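Going down the list, the sequences are from chains A and B.
Number 228 in our numbering belongs to position 243 of the first sequence; there are no gaps in the numbering.
Number 127 in our numbering belongs to position 142 of the second sequence; there are no gaps in the numbering.
Think of the hints as simulated: they come from the structure by calculation, not from any bench.
Model, not experiment: these values are computed from the prediction.
Hints should not be assumed to be uniformly reliable.
Identical copies go unnamed one by one, so any copy, or any two together, can satisfy a pair.
To be verified - Pairs of lysine to any residue residues, derived as SDA-like cross-links and limited to a Cα-Cα distance of at most 20 Å, are as follows:
| no. | residue 1 | residue 2 |
| --- | --- | --- |
| 1 | 19 | 7 |
| 2 | 83 | -10 |
| 3 | 126 | 21 |
| 4 | 83 | -8 |
| 5 | 83 | -4 |
| 6 | 159 | 239 |
| 7 | 290 | 263 |
| 8 | 83 | -7 |
| 9 | 83 | -6 |
Protein chains: 2
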Amino acid sequence: MNERELIDRIRHLLPEDAPGLIRAIGDDCAVISKTDDLVWLLTMDTLMESVHFDLSWHSPFELGRKAVTVNVSDISAMGGTPVFSLLSLGLPTDFDGKWAAQLSRGIADACQEYGCLLIGGDTVCSPGGVALSLTVIGEMKRDLVLYRNRAKPGDTVWVSGPLGLAGAGLDLCKTGTAFDAPAMQPLLKAHRDPRARLRMGAFLAETGLVHAMMDLSDGLATDLAHLCVQSGVGARVFAGKLPGYEVLEAPAQLLGRQPLSWMISSGEDYELLFTTSGAVTDEFVTQLAEHGFSAYPVGTLTKGKGVLLVQEKSDDGTVFEQDISYQGYGHFEKR
Amino acid sequence: MNERELIDRIRHLLPEDAPGLIRAIGDDCAVISKTDDLVWLLTMDTLMESVHFDLSWHSPFELGRKAVTVNVSDISAMGGTPVFSLLSLGLPTDFDGKWAAQLSRGIADACQEYGCLLIGGDTVCSPGGVALSLTVIGEMKRDLVLYRNRAKPGDTVWVSGPLGLAGAGLDLCKTGTAFDAPAMQPLLKAHRDPRARLRMGAFLAETGLVHAMMDLSDGLATDLAHLCVQSGVGARVFAGKLPGYEVLEAPAQLLGRQPLSWMISSGEDYELLFTTSGAVTDEFVTQLAEHGFSAYPVGTLTKGKGVLLVQEKSDDGTVFEQDISYQGYGHFEKR
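Please put together the full structure from these sequences, using the hints given.
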């Protein structure tokens, strides 16, 4: 049984409808009714030591920040604004007081940055290592919520920034390579202390131009496959249009890797992935740029199935396609 | 640094007031405004393998149920009704599909029993063992919420049922004693598959007679100390009035323990602990009994400090007192 099968099994045990419930399992957040006009967005994500982070390269301050960021990113993925959070903090019996204090400062720092108030939770002993579960509660206008399942054939697929940086940063950490090289700092930071695209998510929701949106947490290949399955569409992604290639060339050479594999398969970029009508063009990019945001068109949606990666060979211009659906990060898959 | 010091440190990093926030860290649930008349109650509790449960004596079905129950108990502790829940499920890489399916059934079963709909969450790899974090969201009338900090000197202290059963059950499990003895089943069940006092909590809130309430999760000595500190009162608890002694005599003999130590120091009873005016008497107990609920007066609140246990020696009637404040379960204390 893999992660998707497990989630499907849990999903099938649960009722689909209930008073006040707008959207349950299957999107970045659950959506429940607050008032006639407003909804609450609810998300819960856990970071586990030795799975999501390693204390030998994550400072406690960065770790505290990241635990908040990955949850806030789910709120931004619907276009919402975080309001409250709860924390369940698992620490080994012999935890260091100073370390825990810096972790707390990181949590408080990110909560303040994103405008999200920590209002509860619990602390537990965790013999297997540090574990940080957060629940973040966001708010937004009911009719602006951006779901995963409303993309349409013909849509343009966009991403909000360079892909694969966090994946390259993780591999640099794992191999202990080039920790102090200035050129590698953006990659290391992308893994250790990412940013949620909160203002951009809310802005995109307000434009009314976006059909479907989610955040990139498990890699483009997996996340876009989720969006496609839920919307009943297929996708063609153009390798040459994926942003981030230049930044990845140096670490790829250092580590003997291909930039493209990081860009499509590695997780934790926390960029936004969204679709608009194919008619939306340069004017949209200009409008975003005026507000300090970037967006890159990377593909189109089709009436087919699966996520196809389209590559053009540089020597003779031959085009070839391969299905990359779900080739991203999977928690229970051996890699 | 112990658990209370850690929570205090986190608390001091956070603002106290915010729009829509009624009660943050420090009670069984955080309380936020839903409408003019209604509030949401939010709680988050984690169960960790080898800390809160042991797979050699917890079936996956029971474990799933318990993870829901301990959270729902926090909602009942304020007098509320659970509505929604989120689950973060940590499983080892090589988890067994059938086992996970039974765990899911247990979660779904308890959610259905308590009327609480699972609407989201995540699944993560957890190399250190199974970890279950739940967030439960409850609802209730704003002016009926029962907090911990409104108890008054002169109040009677009540508990909703026998104490120490879960603690005795845990010790039976740990020592592998009398697993099949019919007389021990209520104790084993109290530890493995407790019940949240949901209907009773809501009923108590409706009576308007309760000043302060919480659930008993860390043992009377610790939980009553929390209530006393937050209300600025002291307590005198009468050992002879604590319910549960008879049931604990047999396991105490088997294991060479004292029933009283389980009753005041062991956690996970999930009974309600509440206070009313000292003028509330037998009529109240009769009224509760008519609705199928029990309540036992176990002590009184004073203008002093600390939780004093009052014992009368059976041979000569000598009365002696000892301060038992915070002598219950502590996650990060060596015992």
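Point to revise | Hint numbers contradicted by this structure | key: none
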